[in-house]
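For the sequence shown, the UniProt record's numbering puts the final residue at 89, and the numbers step up evenly by one.
FYI, nobody ran anything at the bench for these hints, they're computed from the structure.
Label pairs and their calculated CB-CB ranges:
| # | residue 1 | residue 2 | range |
| --- | --- | --- | --- |
| 1 | TYR11 | ARG86 | 34 to 44 Å |
| 2 | TYR11 | ILE62 | 16 to 26 Å |
| 3 | PHE53 | ALA85 | 34 to 44 Å |
| 4 | PHE4 | GLU87 | 47 to 57 Å |
Small disclaimer: the values here were computed from a predicted structure and weren't measured. We treat Cβ as the ideally placed atom computed from N, Cα and C, and that holds for glycine.
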Amino acid sequence: MNFFWYDWAGYLGVALVLLAFFLLQERKLQGSGLAYQLMNVLGAIGVMLSLGFGNFNLAAFIMQVAWLLIGSYGIVRGIQRRREARELP
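Use the sequences and the hints to build the structure in full.
See the structure below:
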């Protein structure tokens with residue numbers, strides 16, 4: 001069995017998403033925290049690379065796009081909330 005770079009990107013992406021969820025359950029990460037959101041976004045990108053360069057699966061790709069968009073929204077929203085908290089007297 002041959003493994004290519006995009007296979008490893010996919011495995012790393014899955015590992016990041018699962019680790020983020022595990023650390024959230026263990027209360028080591030906060031769901032609204034930057035680390036959690038970045039792990040999800042980078043994980044989705046890794047899986048998308050694997051799907052794009054390897055065996056494409058539309059359903060899995062759509063899920064990863066949604067994961068990426070939701071994680072990106074979480075990052076932007078977290079930045080906005082931190083900025084608003086600093087502006088309060």
